[in-house]
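Let the hints inform the model, and build the full structure from the sequences given.
There are 6 protein chains.
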Amino acid sequence: MKKIKVAVLGCGAIAQRRHIPEYADNPNVELVAYADPVIERAEEMAKTYGGKSYTSYEELLKNEKVDAVSVCSPNYLHAPMTIAAANAGTHVLVEKPMASSAEEGEQMIEAASRNGVYLMVGHNQRLMPPHVKARELLESGQLGKVLTFRTSFGHPGPESWSVDGRASWFFRKDEAIMGAMGDLGVHKSDFIRYLLNDEVTEVAGFIGTIHKEETDVDDNATCILRMKSGAIGTLMASWTHYKGGDNSTVLWCENGVMKIGTVDGDEVIVELIDGTSETYKVGAMATNEKQVPSGVIDSFIESILTDTPPAISGEEGLRSLKVILAAFESQATGKIIKL
Amino acid sequence: MKKIKVAVLGCGAIAQRRHIPEYADNPNVELVAYADPVIERAEEMAKTYGGKSYTSYEELLKNEKVDAVSVCSPNYLHAPMTIAAANAGTHVLVEKPMASSAEEGEQMIEAASRNGVYLMVGHNQRLMPPHVKARELLESGQLGKVLTFRTSFGHPGPESWSVDGRASWFFRKDEAIMGAMGDLGVHKSDFIRYLLNDEVTEVAGFIGTIHKEETDVDDNATCILRMKSGAIGTLMASWTHYKGGDNSTVLWCENGVMKIGTVDGDEVIVELIDGTSETYKVGAMATNEKQVPSGVIDSFIESILTDTPPAISGEEGLRSLKVILAAFESQATGKIIKL
Amino acid sequence: MKKIKVAVLGCGAIAQRRHIPEYADNPNVELVAYADPVIERAEEMAKTYGGKSYTSYEELLKNEKVDAVSVCSPNYLHAPMTIAAANAGTHVLVEKPMASSAEEGEQMIEAASRNGVYLMVGHNQRLMPPHVKARELLESGQLGKVLTFRTSFGHPGPESWSVDGRASWFFRKDEAIMGAMGDLGVHKSDFIRYLLNDEVTEVAGFIGTIHKEETDVDDNATCILRMKSGAIGTLMASWTHYKGGDNSTVLWCENGVMKIGTVDGDEVIVELIDGTSETYKVGAMATNEKQVPSGVIDSFIESILTDTPPAISGEEGLRSLKVILAAFESQATGKIIKL
Amino acid sequence: MKKIKVAVLGCGAIAQRRHIPEYADNPNVELVAYADPVIERAEEMAKTYGGKSYTSYEELLKNEKVDAVSVCSPNYLHAPMTIAAANAGTHVLVEKPMASSAEEGEQMIEAASRNGVYLMVGHNQRLMPPHVKARELLESGQLGKVLTFRTSFGHPGPESWSVDGRASWFFRKDEAIMGAMGDLGVHKSDFIRYLLNDEVTEVAGFIGTIHKEETDVDDNATCILRMKSGAIGTLMASWTHYKGGDNSTVLWCENGVMKIGTVDGDEVIVELIDGTSETYKVGAMATNEKQVPSGVIDSFIESILTDTPPAISGEEGLRSLKVILAAFESQATGKIIKL
Amino acid sequence: MKKIKVAVLGCGAIAQRRHIPEYADNPNVELVAYADPVIERAEEMAKTYGGKSYTSYEELLKNEKVDAVSVCSPNYLHAPMTIAAANAGTHVLVEKPMASSAEEGEQMIEAASRNGVYLMVGHNQRLMPPHVKARELLESGQLGKVLTFRTSFGHPGPESWSVDGRASWFFRKDEAIMGAMGDLGVHKSDFIRYLLNDEVTEVAGFIGTIHKEETDVDDNATCILRMKSGAIGTLMASWTHYKGGDNSTVLWCENGVMKIGTVDGDEVIVELIDGTSETYKVGAMATNEKQVPSGVIDSFIESILTDTPPAISGEEGLRSLKVILAAFESQATGKIIKL
Amino acid sequence: MKKIKVAVLGCGAIAQRRHIPEYADNPNVELVAYADPVIERAEEMAKTYGGKSYTSYEELLKNEKVDAVSVCSPNYLHAPMTIAAANAGTHVLVEKPMASSAEEGEQMIEAASRNGVYLMVGHNQRLMPPHVKARELLESGQLGKVLTFRTSFGHPGPESWSVDGRASWFFRKDEAIMGAMGDLGVHKSDFIRYLLNDEVTEVAGFIGTIHKEETDVDDNATCILRMKSGAIGTLMASWTHYKGGDNSTVLWCENGVMKIGTVDGDEVIVELIDGTSETYKVGAMATNEKQVPSGVIDSFIESILTDTPPAISGEEGLRSLKVILAAFESQATGKIIKL
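Protein chains in written order, with numbering that gives the first Met the number 0: chain P, 0 to 338; chain V, 0 to 338; chain W, 0 to 338; chain Y, 0 to 338; chain S, 0 to 338; chain U, 0 to 338.
Heads up, some of the hints might be wrong.
All copies of an identical chain are treated as equivalent in the list; a pair is satisfied when it fits inside any one copy or across any two copies.
[To be verified] Mimicking EDC-like on lysine to aspartate or glutamate, the simulated pairs with C-alpha atoms at most 20 Å apart in a straight line are:
(1) 280 / 263
(2) 144 / 212
(3) 144 / 213
(4) 46 / 24
(5) 337 / 314
(6) 144 / 253
(7) 4 / 21
(8) 227 / 198
(9) 144 / 270
(10) 334 / 201
(11) 4 / 306
Bear in mind the hints are in silico, worked out from the structure with no lab data behind them.
Since we're looking at a predicted model, the values are computed, not measured.
Okay, here's the thing in structure tokens:
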């Protein structure tokens with residue numbers, strides 16, 4: 000079989016730790032090029048995994064004939080890079096949040112559609128085994144309707160994650176657009192939509208820069224969500240969970256409770272009102288400190304190879320983004336926002 | 000020492016399970032009278048603990064010379080009973096929520112003040128050993144500033160608690176005024192104010208009747224709170240936590256996290272960023288299924304005996320109530336409410 | 000609804016501890032008569048649960064018009080009582096082992112059929128929640144084909160179970176016919192057939208009286224079974240597991256292992272070759288010391304009320320019995336017996 | 000002291016992982032030669048541990064004057080190599096199963112005897128600390144007579160153990176003669192004889208190729224054993240315990256139960272009918288994944304040095320082999336086989 | 000068999016909780032009389048267990064023909080009562096400490112000897128299953144020589160144990176002679192002698208009334224002991240272990256450590272230098288809060304019935320007492336005392 | 000800032016494992032010289048950490064202008080080296096025991112004082128986080144007065160610690176002066192004084208060479224201590240805790256018990272008589288096998304940099320030493336020694 004030629008646009012932490020190694024592990028992929036304004040990063044990747052390096056992604060797209068790209072740049076570049084790549088006829092896997100605004104998101108979808116390429120958004124939470132198992136259990140119906148929920152994602156901030164540490168673009172508003180909400184919140188708006196197979200209809204949020212200094216991006220957000228089904232819940236995203244951070248979700252349902260990521264090693268726990276309980280050890284929940292293969296790259300390549308729409312489409316990414324944008328709007332306007 | 004003569008107005012679950020037994024156990028108290036429109040209840044208390052029984056609390060106040068009363072009626076009667084008792088010159092311990100509206104609350108405070116009697120509100124959460132320990136630890140400063148929090152109180156509903164089961168006034172809006180929010184939410188607005196020694200400045204909430212049938216009182220509420228200090232957090236009150244209900248609070252702070260009521264038997268856990276941790280086993284957190292002496296009655300009697308203002312004043316109770324009322328207003332208006 | 004009139008033939012341990020209390024708890028049942036040659040036992044039941052007492056079951060069947068009977072006698076009477084009851088037009092629930100020989104079993108089935116009544120065998124293992132869950136999990140296919148298994152049931156002997164202690168009919172060969180094999184082995188031959196939804200095709204067994212004194216009934220049996228599907232396994236039944244007795248089953252399958260009743264409190268454990276595992280806490284496994292409602296009586300009554308064939312038919316009971324009889328034949332002939 | 004000169008015949012997994020390293024660690028041994036038809040293997044050993052390499056064991060025996068050999072070849076060569084070595088005047092340590100047939104076994108014993116050399120069989124299970132402790136405890140008498148037992152040894156198959164993986168001689172019947180039974184079953188027939196200090200008198204077995212493809216050696220066996228003492232039990236050997244495999248033995252005795260290898264870390268557990276229990280942590284049970292020094296080599300060398308008969312003689316090895324052969328005969332003839 | 004007629008002299012806590020119930024449970028005993036200056040106590044025992052009651056033990060001994068007595072009086076009466084009983088021709092079981100001085104002890108031994116009756120001392124620690132097991136393990140030799148040890152016995156004081164609470168004779172020096180040392184210390188001097196099968200040769204001690212008010216008996220003692228074998232260790236007896244009290248002993252030996260009573264439920268733990276360990280669950284260690292049958296009474300009766308010297312002789316009790324007396328002498332003289 | 004120039008006198012285990020690496024990690028220190036009669040040791044340190052090497056410490060002091068020295072020599076050299084260094088005008092950190100006699104200790108203090116340099120003693124136990132936390136908790140007053148205590152420090156001996164193994168100076172009396180008491184006992188006399196903020200007033204001890212062969216230094220000591228406050232307790236130091244050694248302290252107080260170093264991972268446990276308990280995980284207790292940074296070097300350097308008296312002064316070290324010397328005197332004279 001011919002291999003899929005892949006380029007990676009942006010060679011920071013997410014590219015180095017997940018996209019590039021997972022492409023390298025996929026037998027159907029040939030990594031052919033890397034772009035990063037800090038050329039040393041691109042060169043290091045080229046040296047390690049093979050392929051060429053570029054300072055400019057436009058140059059890369061002009062010079063290389065690739066089948067697919069991963070967009071791993073700072074948030075503000077997600078849209079322009081994606082659109083440029085789509086226009087160059089390549090399939091695109093873009094990191095989350097897919098865009099800085101709903102308009103950008105729609106243009107990205109339109110560009111992919113117009114060029115006949117696939118657009119996938121890197122919402123890896125959907126592919127994590129505990130989350131897959133949780134949805135499967137919920138769909139089995141044993142828990143009945145979801146009534147209330149809480150979902151949260153917190154860690155001590157991107158300082159230790161980003162290759163640039165405290166000097167990372169994550170803290171510069173013009174590049175990051177969003178902080179904890181773009182980094183973590185959109186993961187949970189996406190996950191709750193996926194898990195409940197439901198849409199968010201109303202959002203209110205308190206978002207702010209509570210503790211990080213010399214930055215004006217949000218380091219914390221607490222939101223309430225109302226779902227189309229009537230379920231209500233809370234969503235918390237934080238860069239200041241210096242201890243006690245997690246990636247957990249609890250669903251209180253008609254027939255019991257489902258706890259995801261609340262107990263180390265017991266990833267999914269179901270407790271039913273009949274007194275029985277079930278525990279599923281299905282593989283660790285990824286955190287910043289403990290990376291596990293995301294499955295996103297394999298899923299993207301599978302989509303291309305089999306010519307089937309990607310598991311996490313641009314439309315899905317956009318809907319999850321809109322929840323977060325609504326929370327920002329709530330913070331700005333003092334109103335509960337309807338979607 | 001002369002004993003404090005006490006009457007109890009309303010002889011339902013809270014009176015039977017907490018107020019009356021705790022008065023009976025207090026050596027400085029003489030229980031002299033009980034009022035309940037269902038006279039059998041009052042009579043049963045009189046038979047068990049001594050004293051007289053009345054159908055009408057007005058009659059009781061007219062005929063008996065008591066030093067203090069407990070108001071244990073359905074919510075809509077908290078204000079009129081309190082005011083009548085204050086006017087009769089007795090100290091008043093009123094159950095939470097102290098009133099149906101802020102106006103009522105203010106009238107109660109005014110009545111007590113005018114008659115030179117004490118008004119205490121039964122926010123027993125403040126006196127629970129894990130909560131006392133948590134505040135003490137927070138005040139020690141080791142955790143630094145509180146940045147974000149979540150607090151929740153959930154159980155399967157008052158059906159199994161109330162002496163009338165599903166037919167309880169808890170489900171009738173004209174008597175209860177509020178459902179899960181009045182039963183549980185106001186406990187947590189009071190507790191978070193007490194724990195953080197801080198005031199709520201903004202509230203948004205989704206409140207509704209999601210699962211209980213044939214009632215229009217709220218069975219669930221999810222709220223976001225912003226504190227004067229800048230901390231933000233979530234508050235959840237639920238009558239539909241059929242499994243997985245608890246009375247827990249987590250504070251993420253500058254130097255670590257404090258977990259209250261999250262692990263059975265380890266009531267307060269402090270985990271610090273220096274890698275150390277502390278566990279305090281200080282006595283169980285009370286839940287509906289597991290009652291422990293509240294301490295409220297002893298505190299109220301101590302206040303009277305020593306002629307010092309009660310530990311939980313009407314003003315405190317009113318501030319906690321206003322948070323809940325603001326959440327209802329948020330639900331009604333679609334706005335974030337400033338306090 | 001008219002209540003089902005029930006008589007109980009034989010008032011020993013199984014009648015006193017399971018049949019009669021479970022009939023008494025079933026709102027659709029009226030207990031009308033009891034028979035036991037030790038009339039005091041029948042009288043005590045009549046006094047406690049209402050109804051009449053008889054020394055002779057023939058008299059009972061002649062005098063009482065009952066809808067259904069439970070046959071709780073020593074093994075050698077299972078067949079004659081069942082046939083008599085069927086001929087009297089009553090539905091029959093007979094304890095296991097259903098008969099002393101295959102011929103008797105066939106006659107019982109024939110008698111029920113001819114009289115248009117239901118015949119159910121008390122193989123309660125099929126209804127125990129861990130066993131139901133185990134079969135459900137096996138049917139889901141995740142474990143693939145069962146390759147090998149072991150199943151065992153052991154306790155210290157019927158001395159402490161029987162109302163007559165060491166003097167029990169359990170130890171008299173002419174009444175018991177079989178010892179540990181009839182008491183426990185037939186439970187496991189029935190359970191393994193049910194769990195694997197498969198039939199036993201070959202059996203070999205070592206059966207003997209190894210440790211109990213002054214009795215010639217078997218106190219131990221170790222057997223090997225080959226199933227139609229090709230799976231092979233061991234079956235052990237013991238009355239001399241003075242410590243370390245259990246009621247456990249392990250299935251080694253293509254994709255992992257299922258452990259039933261091997262860990263107290265974790266009734267069903269599934270470990271898969273992909274490294275994940277699942278634990279189901281679904282209610283305790285009944286042992287002699289720890290009785291739980293069997294569900295057999297409710298199931299029998301449901302069958303009568305809804306006029307649907309019983310969950311555990313005479314044919315099923317007979318097939319399970321034949322496995323045990325084959326083990327005895329193997330012991331007697333020194334041959335592996337084909338079924 | 001003069002060192003014992005040792006040669007190793009066959010350089011596959013067992014030689015590489017146990018025999019050769021353990022000889023190398025023994026200060027009284029000099030490794031002088033290695034034979035393997037795949038000469039690279041012999042050469043690699045020679046390079047690592049010193050000595051010469053041969054393609055043919057006959058050549059080796061002709062050219063080298065050695066004191067002792069280890070026979071680590073495929074099963075069908077155990078007898079010819081052993082006899083040739085004995086005839087060459089060297090002591091022999093032969094891996095289990097010692098031979099392909101009882102006749103071969105007898106010839107090996109006779110050859111050793113005739114040549115005045117020692118013959119030891121590598122039944123390392125006898126030397127594992129938990130097994131040594133178990134026998135010691137059993138001999139102390141506190142448990143009384145053994146009544147019933149089960150012993151099993153299961154793993155996912157020799158694919159991951161053999162240096163040739165799935166292409167191993169383990170799967171070729173003409174070289175292996177036996178599969179799981181020769182690999183694992185004979186370990187347990189030997190161990191149960193050793194542990195109970197008793198002999199097997201009757202055997203029945205179901206043996207087959209249930210799941211491994213493209214091989215006709217047995218991948219599973221379930222047997223029943225009757226001991227001279229009257230105890231009966233089951234023996235299971237499996238190459239398809241893909242999960243849940245172990246090397247465990249349970250003895251139900253007059254005064255309690257002994258569990259060996261059933262709980263990780265608690266290698267021997269004794270539970271007595273007086274309610275007391277004892278736990279012995281005496282070092283891990285070796286499995287294919289977790290190798291521990293076998294002690295077999297040191298014991299063999301000790302025997303030579305002190306000129307005392309080896310701990311595990313040819314006669315012992317033969318008796319254990321005959322149990323397995325009887326199980327095969329049972330499978331072939333449909334009869335229970337007496338020994 | 001004729002029953003042993005027993006009288007009990009002194010009917011306080013130890014008589015009520017251990018001696019009398021254990022006599023009553025022994026089928027070979029007939030309780031015939033009780034003496035106590037507080038006649039109500041003797042009468043209550045007589046009413047409950049049968050027999051007569053006396054104010055004066057002299058009267059009892061004069062009027063009743065008994066085979067044996069238990070001396071359960073305050074310490075200062077142990078000697079006179081024992082001697083009187085021996086002179087009356089009855090066997091004597093005397094509580095510990097056997098006497099107030101060595102001279103008394105010797106007179107008691109002499110009186111028993113002269114009258115041909117047995118004298119046993121109630122050092123029940125020797126009969127507790129964990130202690131019996133510990134000695135058995137030590138005697139097996141696996142641990143080698145004992146080098147150092149610590150043994151301690153602490154609880155919050157006899158206030159909650161004595162039938163007279165804080166007004167107990169335990170706190171009156173003229174009656175108790177010794178406090179914690181007589182109550183607890185002598186248990187440990189006896190136990191360490193028994194466990195090590197060794198004699199104490201040197202003692203130093205700090206003994207005092209550190210915390211109990213309005214009493215001049217010792218509430219605490221810390222001692223060092225040197226044994227004939229050369230082992231050295233510490234002995235602590237305390238009535239002020241308000242929390243963290245236990246009855247534990249640790250022996251550090253040549254080959255490992257033995258821990259007795261240090262872990263709830265794991266009564267005896269042996270850890271060897273070869274890395275193995277053994278845990279013995281042999282029945283709880285008795286404490287004041289958790290009484291278990293002492294075995295002392297049965298042992299005393301067995302001695303009489305079989306006419307064999309008692310397991311814990313007067314000579315043994317005297318040697319253990321002398322250790323304690325030496326500690327007092329050390330405290331008084333500022334010297335290390337040789338025995 | 001100018002760096003503190005440091006020399007290390009004696010380059011054995013304590014210098015290699017703690018002093019030198021901790022100086023090297025301190026940014027304010029420059030290691031300039033090392034002295035050791037075994038010049039290879041000094042050279043190796045010089046090579047690894049920079050600086051010069053000397054055979055003679057006198058030469059070093061003559062040739063090098065250093066600000067501070069660590070004295071890490073055998074015990075008998077502590078005093079002469081310290082005095083020489085002080086006379087050379089350098090601050091001194093001396094290992095424990097600070098001297099061989101009280102006179103030496105006083106001379107050292109005097110020399111430091113006369114030369115205007117600081118003298119610090121390496122009692123690192125005071126700086127270990129569990130010990131710091133324990134003292135902080137004790138000072139908070141919640142436990143009330145300490146009544147009794149036990150403290151012990153045991154390991155298998157310095158054989159495995161010293162760079163010279165069994166040939167270490169630790170076993171030569173003329174160089175070591177003291178054995179386990181100087182190595183471990185003085186740690187605990189210092190710690191108990193520090194923890195209780197109290198002084199020892201009386202000591203008795205049994206000290207001897209119980210098990211180590213070919214040495215006459217003490218390998219074991221058991222002592223009793225009386226504190227000025229009235230508390231009494233035991234102190235054990237051992238080189239023959241081949242298993243079960245630890246560094247633990249238990250304080251029984253008026254309001255509860257404090258356990259330090261008794262449970263792996265739970266370094267400080269407080270159990271109060273009100274039933275509550277607190278657990279502090281504050282970092283491991285250092286043992287010989289598990290070294291953690293001592294903090295002593297940083298504290299010493301801080302003292303010099305800030306020109307404040309050292310945390311652990313010569314006077315403190317001397318008082319702790321005197322307790323140990325008193326124990327030796329008790330052993331020698333058979334008397335309890337007053338301090």
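When no copy is named, should residue 144 and residue 270 be tagged within, between, both, or neither for a Cα gap of at most 20 Å?
within (14 Å within a copy, 29 Å between copies)
For residue 334 vs residue 201, is the C-alpha pair at or below 20 Å within one copy, between two copies, both, or neither?
This pair counts as both: shortest intra-copy Cα distance 10 Å, inter-copy 12 Å.
Within, between, both or neither: how does the pair residue 227, residue 198 come out at a Cα-Cα threshold of 20 Å?
Answer is within: at 6 Å inside a copy they meet the 20 Å cutoff, but 33 Å across does not.
My question is about residue 144 and residue 213: at a cut-off of 20 Å on alpha-carbon distance, are they close within one copy, between copies, both, or neither?
between (45 Å within a copy, 18 Å between copies)
Alpha-carbon proximity between residue 4 and residue 21, which holds within one copy, between copies, both or neither at 20 Å
Result: close within a single copy only, 14 Å intra versus 51 Å inter.
For residue 46 and residue 24, with the copy left unspecified, which applies at a CA distance of at most 20 Å: within, between, both, or neither?
within (16 Å within a copy, 35 Å between copies)
My question is about residue 4 and residue 306: at a cut-off of 20 Å on alpha-carbon distance, are they close within one copy, between copies, both, or neither?
This pair counts as within: shortest intra-copy Cα distance 15 Å, inter-copy 66 Å.
Is it within, between, both or neither when you check residue 144 against residue 253 at 20 Å Cα-Cα?
within (5 Å within a copy, 35 Å between copies)
When no copy is specified for residue 144 and residue 212, does a C-alpha distance of 20 Å or less occur within a copy, between copies, both, or neither?
between (43 Å within a copy, 14 Å between copies)
When Cα atoms must be at most 20 Å apart, do residue 337 and residue 314 count as within-copy, between-copy, both, or neither?
Classified as within: same-chain Cα gap 18 Å, cross-chain 36 Å, threshold 20 Å.
Alpha-carbon proximity context of residue 280 and residue 263, limit 20 Å
Both: 9 Å inside a chain and 19 Å across chains, each within 20 Å.
Violated hints for the displayed structure: none, as all numbered hints are satisfied.
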